[in-house]
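Asks: The primary structure of each chain is shown beneath.
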Amino acid sequence: MTWTALIWIYLWLAGMAGGAFLAAKAVGRFSGSKDDSLLRLATWLGLPLAILGVLLLIFELGTPLWFWHLFTQFDFTSPMSMGTWILIVWVILGVTMLATWWLEGKVSQEAAASLASLRKLISRINIFFSAALIAYTGVLLAVSSQSLWAGTILLPALFVVSAVSTGVAALVLAALGLNAIADSGMAEIKLAINQIFGSTEWKTPKEMIVRLAEADAAVIVLEIAVMIGYVIWLATSTAGSDALGVITTGSMAAPFWVGVVLLALLIPFGLDLTIRNKAAEAKGVMMTIVTSSLCVIVGGLILRWVITSGGQL
Amino acid sequence: MAEAILYDSTKCTACRACQVACKQWNELEAEETTNRGTYENPPELSASTWNKIKFTELELNGEFKWIFTRLACMHCEEASCQNVCPTGAISKTDEGFVLIDQKWCIGCGYCVQACPYEVPHKDEHTGTARKCTSCADRTSNDLKPACVTTCPTGALTYGDRSSLLSDAEQRVAALGGSATLYGENELGGLHALYILEDSPEVYGLPAEPQVATKNSIGQWLSGLITAGLITALPFWFIFRRKDQIAVGDANEGGAK
Ligand code: SF4
Ligand code: SF4
Numbered sequence: 030m031t032w033t034a035l036i037w038i039y040l041w042l043a044g045m046a047g048g049a050f051l052a053a054k055a056v057g058r059f060s061g062s063k064d065d066s067l068l069r070l071a072t073w074l075g076l077p078l079a080i081l082g083v084l085l086l087i088f089e090l091g092t093p094l095w096f097w098h099l100f101t102q103f104d105f106t107s108p109m110s111m112g113t114w115i116l117i118v119w120v121i122l123g124v125t126m127l128a129t130w131w132l133e134g135k136v137s138q139e140a141a142a143s144l145a146s147l148r149k150l151i152s153r154i155n156i157f158f159s160a161a162l163i164a165y166t167g168v169l170l171a172v173s174s175q176s177l178w179a180g181t182i183l184l185p186a187l188f189v190v191s192a193v194s195t196g197v198a199a200l201v202l203a204a205l206g207l208n209a210i211a212d213s214g215m216a217e218i219k220l221a222i223n224q225i226f227g228s229t230e231w232k233t234p235k236e237m238i239v240r241l242a243e244a245d246a247a248v249i250v251l252e253i254a255v256m257i258g259y260v261i262w263l264a265t266s267t268a269g270s271d272a273l274g275v276i277t278t279g280s281m282a283a284p285f286w287v288g289v290v291l292l293a294l295l296i297p298f299g300l301d302l303t304i305r306n307k308a309a310e311a312k313g314v315m316m317t318i319v320t321s322s323l324c325v326i327v328g329g330l331i332l333r334w335v336i337t338s339g340g341q342l
Numbered sequence: 013m014a015e016a017i018l019y020d021s022t023k024c025t026a027c028r029a030c031q032v033a034c035k036q037w038n039e040l041e042a043e044e045t046t047n048r049g050t051y052e053n054p055p056e057l058s059a060s061t062w063n064k065i066k067f068t069e070l071e072l073n074g075e076f077k078w079i080f081t082r083l084a085c086m087h088c089e090e091a092s093c094q095n096v097c098p099t100g101a102i103s104k105t106d107e108g109f110v111l112i113d114q115k116w117c118i119g120c121g122y123c124v125q126a127c128p129y130e131v132p133h134k135d136e137h138t139g140t141a142r143k144c145t146s147c148a149d150r151t152s153n154d155l156k157p158a159c160v161t162t163c164p165t166g167a168l169t170y171g172d173r174s175s176l177l178s179d180a181e182q183r184v185a186a187l188g189g190s191a192t193l194y195g196e197n198e199l200g201g202l203h204a205l206y207i208l209e210d211s212p213e214v215y216g217l218p219a220e221p222q223v224a225t226k227n228s229i230g231q232w233l234s235g236l237i238t239a240g241l242i243t244a245l246p247f248w249f250i251f252r253r254k255d256q257i258a259v260g261d262a263n264e265g266g267a268k
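Here the protein sequences come in this chain order: G and C.
30 is the number that this note's numbering gives to position 1 of the first sequence; each next residue is one higher, with no gaps.
265 is the number that this note's numbering gives to position 253 of the second sequence; each next residue is one higher, with no gaps.
Rather than coming from a laboratory, the hints here were simulated on the basis of the structure.
Treat the hints loosely; a few may be bogus.
To be verified - Listed below are several chain G residues computed to face chain C (Cβ distance under 8 Å; list not exhaustive): (1) F59; (2) T101; (3) G214; (4) I218.
Small disclaimer: the values here were computed from a predicted structure and weren't measured.
Think of the CB as a built atom: it goes at the ideal place given N, C-alpha and C, for glycine as much as any other residue.
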């Protein structure tokens, strides 16, 4: 097998990073809130994930020290070349956004205002690059001669939906983790976090977390639909159904049914249903959300594994 | 001038001298293999096997048949490997042969996934992708590829692609029946041509090979449009009920 674990872990990390950013942007847009701390959390969360992914990717190369050859090309026909540039721009934009937040507290009011509007502009541009980033994780596989990847055009769609789903779940866990720290006595970590987020009592409201979990449930509904479309599309061609057999009945069947269908889709959706119309403060709600988010994240990883490995069998 | 290698399956006795000649000229390691109950060996192309004869046993019109075909780089005119290579390490010679620059390839493995014939392989020792070069180092010095030079039955010939094509057409016509010429138009024209006694599928060759990048635009659109929809619909649906939530307004920080 040419593409091994490092590749599918990377596809998962990059998807989660871009997905979290898009989700945070969408929440800001549709809730109409002026507060952008969720976006700040998404940026802080996504950058390390994406950068870790890139390091794994470089490590997977046959000649890692020659990775810079990638930067000598700009090739529209090669998704890997496009992905390289998308990722670079995405990281630069993200780091710039972090810099504006960091500087904001250190400069005059007017300067802070212009930093905020600069950040707004950059974050808008980054919507496109985040979309391109998560799309590319699917296109990379889909532009190939492996039937499981190239036999339909729904693989990029599937990876995109899963990226947003895992991105939201990661946001939820990160927010809850930070809240727990804020509530705890860990004064030094708390101080560091407050520094990072530029606030004295940085916490994500529970209401918001419930809403995010609801949004993830809605994303999962669409993910189930895309998954069904993907399977049906492949099943209609001979090469496609042979390839599909590897994951539905062949050697990858167990991780597919347990890891993808149950863990990534049905279980978290079911869990999210149980907390519908419950108050955020109600007993067990946060625990349910944590469990469902963990399922989504682990399931997303298994999805990348099943598809990446299954396509090469 | 466009050149090609022509393989006439009807003349091939599967002596596999070409496999050995390829290993010798290109200094490729032998592979340790196991007895799989067939003379076909090694089992598949690899980073150190760039050319191999594939054996197929089948029943054709009630008659038992043992047929052979050659597996090696097809040197496609529309080369999927070249299209997807992110470093530009893959290039085409004037003769139409597709080469991987061993000093530039980073071993990302994309060409391995993209090739419709499963030709390039990642070499663990060099870290690069490797495959048949049509012996570019020989042909540029007026020598024929090693496999062609060594072939004792004349099943392999090398030369100007268009004259090989007309030879092949004559041969296919003479063979009659379901004999086919493979490689004339596939993927914009291959620089490895095949005279087959039957349809390509019988030999395990794809009848309608597709360039890996054929649906690129569709694939990108699938990802990008879905990204748009998935961030618009569910989040609009959940977060539009502004009255019920004061998003993060409890926070002191953030942009004002
Ligand atoms: S057969 Fe494969 S490796 Fe050879 S030129 Fe065509 S796509 Fe490239
Ligand atoms: S393995 Fe080498 S030749 Fe193949 S696509 Fe990657 S850089 Fe190009």
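Asks: If a hint holds in the structure, say so; if it doesn't, say that too.
Replies: Structure-based check of each hint:
Restraint check, F59(G) versus chain C: the minimum CB separation of about 4 Å is within 8 Å; hint holds. Evaluation of the T101(G) hint against chain C yields a held restraint, the C-beta minimum of about 7 Å falling below 8 Å. Restraint check, G214(G) versus chain C: the minimum CB separation of about 20 Å is more than 8 Å; hint violated. Contact between I218(G) and chain C, as hinted, is not supported at the beta carbon level, the nearest pair being about 17 Å apart and thus beyond 8 Å.
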